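Chemist: Here is how the chains run, residue by residue.
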Amino acid sequence: MKKTIWAIIGSLATVGLFAGVAQAKTLVYCSEGSPEGFDPALYTAGTTFNASSRPVYNRLTEFKRGTTKIIPGLAKSWSASADGLEYTFKLRPGVKFHTTSYFTPTRDFNADDVIFSFDRQRQEKSPWFKYTEGAAWEYFNGMGMPSLIKEIVKVDDLTVKFVLNRPESPTIANLAMDFASIVSKEYADKLQKSGKKSDLNQKPIGTGPFQFVDYQKDAVIRYKAHPNYWNGKQPIDDLVFAITTDNSVRMQKLMAGECHVAPYPNPADLPKLRADKSLRVLEQEGLNVGYLAYNTKVAPFDNVKVRKALNMAINKQAILDAVFEGAGKAAKNPIPPTMWSYNNSVKDDQFDPAKAKKMLAEAGVKDLKLKIWAMPVARPYNPNARRMAEVIQADFANIGVEVEIVSYEWGEYLKLSKSLKRDGAVLLGWTGDNGDPDNFLAVLLGCDAVGGSNRAQWCNEEFDSLTSKAKQISNQSERAKLYKKAQVVFKREAPWATIAHSVVFMPMSKKVSGYKMDPLGSHRFDGVNISK
Amino acid sequence: MLKFILRRFALLVPTFLGITIVAFGFVRILPGDPVLLMAGERGLTPERYQRLLEEFGYNRPLWQQYIDYLGDLLRGDFGNSFVTKQPVLSEFFTLFPATVELSVCAMVIAIIVGIPAGIVAASKRGSFWDQSIMGTALVGYSMPIFWWGLLLIIVFSGWLGWTPISGRISLVYFFQAKTGFMLIDSLLSGQDGAFLSALRHLILPSLVLATIPLAVIARQTRSAMLEVLGEDYVRTARAKGLSTRRVVGLHALRNAMIPVITVIGLSVGTLLAGAILTETIFSWPGIGKWMVHSISRRDYQVVQGGLLLIAVIVMVVNLLVDMAYGLINPRIRHN
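As they're listed, the protein sequences go chains A and B. The first sequence begins at 4 in my numbering and counts up one residue at a time. The second sequence begins at -7 in my numbering and counts up one residue at a time.
Since the hints were derived computationally from the structure, they do not count as laboratory data. No false leads were mixed into what you were given.
Incomplete in silico selection of chain A near chain B, CB under 10 angstroms:
| hint | residue |
| --- | --- |
| 1 | E39 |
| 2 | L45 |
| 3 | G137 |
| 4 | A138 |
| 5 | V252 |
Cross-link-like lysine to any residue pairs, in silico, SDA-like; alpha carbons within 25 angstroms at most:
| hint | chain 1 | residue 1 | chain 2 | residue 2 |
| --- | --- | --- | --- | --- |
| 6 | A | K128 | B | E39 |
| 7 | A | K335 | A | E286 |
| 8 | B | K77 | A | N144 |
| 9 | A | K220 | B | R289 |
Quantities reported herein were computed from a predicted structural model and do not represent experimental measurements. Note that beta-carbon positions come from the ideal geometry of N, C-alpha and C, so glycine has one too.
Input sequences plus hints: build the corresponding full structure.
Modeler: Next comes the structure, spelled out in structure tokens:
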């Protein structure tokens, strides 16, 4: 089984493909799809980031591998002004861009690269703003960066200052996101001169741990370790993405030794993968939450007692079994357990239909009818919303609540579910962007988001003041305290029934060492090694 | 003959226009606003929504969008993919050779196995051979491709380890594509074993893709042969004392081939449809897989452009078949 891969590696040496390397260490990753392109700022899909921003690029700040903790990246340090409106970054000196067959850098990374990387996304007059048809800089806009950033100033070659329009501490986490990857201005200038701007999205040049070698569309992507990487050369020499879209086929390839790592197995394949002695299956909760949001503006769901009673009627274990097939974990908080500030002391509403029925009676609610909206698409936080709605329908029937399940086309669903007058509770969820609790709590439950992404239409002063305050201070442990309190308020007020976090499985060969599951859901191969 | 070709060619124009309407219309009937779908759970401000609609041109009336679309087509502009931002035409031609390679191999298998199988079945009508060949053909014809592909992978690649699981060539080999046809490129690369590796990678997917056309060709050959074998001139040939081999091979086969060629031509459409599933299972980087992905990503431009290009190819192949038909059967071109 493992012979195949070593045959590959052995032959690589004989073919002399990577001259000078006696026995190149090659890691083959069977990826689940093709990247849309190699300029991560143009896209929002994880598959694209895995192939572009994570191997090829760095950012000013980075997520520490396997955590949502922010650590220095291309910025070796930073400081915030007292009013929280200015962030000054000291850049790392001596950082080399990739030298490839299509580009040889003449200078090290500096402030111009930082300014260029952001300006192309925010300055309409930049010749790069529309460098490829349909460039919409979706993530940069989606994170509200245009209204947040007032200006970016080059203080000197190795110092950059971000001036903001309002204090916002998640900014540091935002800068670790894929869209904030730093591209080479020198390379961009060269492409512009030669009239080949779209190559920025086809043949990337970055400072990251791996440099791009070749992409055969929809088939194979090849990278090699950046020999002059600022954080030291990677333990492996070559990284190959073999694009294999079918889940079952991907697992066959892994078991046959045609690849070392393969993501997203079918839940049904897990027992077989676990039984395979040459494999190991890592697992972790995804950075997401699936929920049922009541419309707290409409009676009787404006009554917390009614919401609590309904929450107590839901049998989450049945949902985990029927909908997630074991690839889920019951959720009690609106943020996933892998996120900092997760409040583990919060107690979940106990599954107790008898008590739930009694509470409904106490609230004076009789013959309650309720619509449950079921999404028409599968998402990581809810692989089968229709099925989930049916389970909840049965649970609610047990306490005398009649449920009608409704659904709409996905675009309509997202739009209609925002309405303040919406009839019914909505099944939906969220996948985190930057590992910051604000990205869940304020985005999904803040007063500003009512009529928007706050599907419960829930505006609670106590909760909102806690999260708003947390957003304005930069000390993380202080922020964590506030977010923990906010989670207590959330649980007490029950605007949602928190249902589940998905569990992500990552099967890989036992020869692979140092791989860490990323709570943000990306697949990173820096720091990963492979043995014979 | 020239008149015959011209007449066939003229017929292509309204067909082509019809296809543009279908391609354009289909994509618009698909439920879902592409801009809203692109934004997902994150949502958009109304201003930004409006702006994106304008950028993509979806705010204009349908007929205007269609006219612009036709105009672009005439200039050879099939638009750019929303997702990869690359021109649809260049993506198509990057991936098309992979599909052609797979389809040609599948077709070769279907023909070299299907025609002899049909002849054997017809000349031994009602025998054990006839029964088993036609039984197998029926099974082949009814085979769900996805299941069949996975089954072959599990048995031949997983258990027996005879063939690679997916892809076009072993990852050991790395060379720049010159023609896009892996068999040719691997030969040109001069790397030891590259051609064999490419060939090994072709076996399972082409077998899977060949399954349905093979069954159709075998059945068609059998029934055409049976019909011809009952003709007077065949009886005459037999009466002259010719050997069965000469009767079947020389007199009967040439006439029986006319409907078979039609079926082969029509199979090109089936092959392209089958390629969609086969390519998805075997991670074969061709246009079938490309189309499936574009549909799930709501990449209107690619779906629209791809649909049209595939339809044009099927049309051209059918035209060629018609012409071949005319060559073989003089009655057609004289009518």
